[in-house]
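Student: Start from the sequences, fold in the hints, and give me the full structure.
Numbering (the working numbering), first residue to last: 2 to 275.
Note that these hints are calculated values from the structure, not bench results.
Among the clues, some could well be false.
As the list claims (entries may be wrong) - Okay, the calculated beta carbon distance ranges per label pair: (1) Asn12 - Leu249: 36 to 42 Å; (2) Glu77 - Lys27: 44 to 50 Å; (3) Lys25 - Glu242: 27 to 33 Å; (4) Glu227 - Ile251: 25 to 31 Å; (5) Phe138 - Thr164: 35 to 41 Å; (6) Lys244 - Ile50: 36 to 42 Å.
What the hints assert, rightly or not - Here are the simulated DSS-like pairs of lysine-lysine, each with C-alpha atoms no more than 27 Å apart in a straight line: (7) Lys134 - Lys15; (8) Lys141 - Lys116; (9) Lys132 - Lys116; (10) Lys244 - Lys134; (11) Lys116 - Lys261; (12) Lys244 - Lys261; (13) Lys231 - Lys246; (14) Lys57 - Lys20.
Just so you know, even glycine gets a beta-carbon here, dropped at the ideal spot from N, CA and C.
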Amino acid sequence: MHDLIFERYPNQYKWVDRKIYRNKFKYACEHSDQIIAISQQTKEDLINIYSTPAEKITVCYQSCNPAFLQKVDAAEKERIRVKYNLPPSFYLSVGSIIERKNLLAICEALLHLNKDERLPLVIIGNGDGYKKKVETFIAKNNLEQSVLFLSDNTSINTDRGFTTATDFPAIYQLATALIYPSTFEGFGIPVLEGISSGIPVITSNVSCLPEAGGPGAFYVDPYQPEQIAKQLQFILHHPEEVKNKIELGIQHANLFTIEKTAAAVMNVYNQLIG
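Tutor: As structure tokens, this is what we get:
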């Protein structure tokens, strides 16, 4: 079980989809011998929303592509910078552009920064209605030169290095910080990708995001853009503290290797057949 987001945010799903998901998920919870939840948050939701017995649920965390843990060399990073026409310094946002991912709060945070702190925001992801809302805010506040939607570039959108995310580790490692103030997730893989990449990560202090970031992320109230701005300012002006946080992030990321996550899942099966 990845999440019960459709139960928490029903307005973001079609009625028929909610009905199908609910029937399938409830049936699975009732008839399975054991349930794997990808976070403690998902386990708690299964208990509280579907009254699933706690002893029936095992938390097995997810991993991310191990390429994010590998240092990208300077030549490759420069190739990627040129390929995507990336600014010399930038903030990074990754994820679907939907209300729950909270991109608008990042754009609002930019207005709380001094001009020299207002680095360009590079966005990987796409959306529809909510994206238009964000674009309206950007235009109204003259942020067009400060926000770059990579996915709006047709040539990038069809490039294999982009569509397969092969180029993403280099993009992450070029970023000054990853900003991921989602209001709710099943796990939050971009947070894990960010701390694995050895860059500062700003994420939410709610849902499962503290599970993904551990001691290696900077936490904010996702509903308070000024908190995002304050963390960005801290990252820009306190390099030693940021360096220590990054080291803690890499240590935490090593708890989520493919080998460890696979072993945890295999242990569930072994217990069932043992």
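Student: Take the hints in turn and mark each one as holding or not.
Tutor: Status of the hints after comparison with the structure:
Between Asn12 and Leu249, the C-beta spacing of about 37 Å keeps the proposed range 36 to 42 Å intact. Look at Glu77 against Lys27: about 47 Å separates their beta carbons, and that is inside 44 to 50 Å. Checked against the hint of 27 to 33 Å, the C-beta distance between Lys25 and Glu242 comes to roughly 46 Å, which is inconsistent with it. Checking the proposed 25 to 31 Å range against Glu227 and Ile251 shows it holds: the Cβ atoms sit about 29 Å from each other.
Against the hinted window of 35 to 41 Å, the Cβ-Cβ separation of Phe138 and Thr164 comes to about 28 Å, which falls outside the hint. Range check, Lys244 to Ile50: Cβ separation about 41 Å, and the 36 to 42 Å hint holds. For the proposed pair Lys134 and Lys15, the alpha carbon gap of about 20 Å is at most 27 Å, so the pair holds. Of the supplied pair hints, the one linking Lys141 and Lys116 holds, its CA atoms being roughly 17 Å apart against a limit of 27 Å.
At most 27 Å may separate the alpha-carbon atoms for a hinted pair to count; Lys132 and Lys116 meet this at roughly 24 Å. For the proposed pair Lys244 and Lys134, the alpha carbon gap of about 36 Å is over 27 Å, so the pair is violated. Distance check on the hinted pair: Lys116 and Lys261 sit about 44 Å apart at the alpha-carbon level, beyond 27 Å; violated. A distance of roughly 26 Å separates the Cα atoms of Lys244 and Lys261; the hinted pair therefore holds under the 27 Å criterion.
The straight-line distance between the Cα atoms of Lys231 and Lys246 is roughly 16 Å, inside the 27 Å bound, and the hint therefore holds. A threshold of 27 Å between alpha carbons decides the hint, and for Lys57 with Lys20 the separation of about 24 Å falls inside it, so the pair holds.
The structure fails to meet hints 3, 5, 10 and 11 from the earlier list, while all remaining hints are met.
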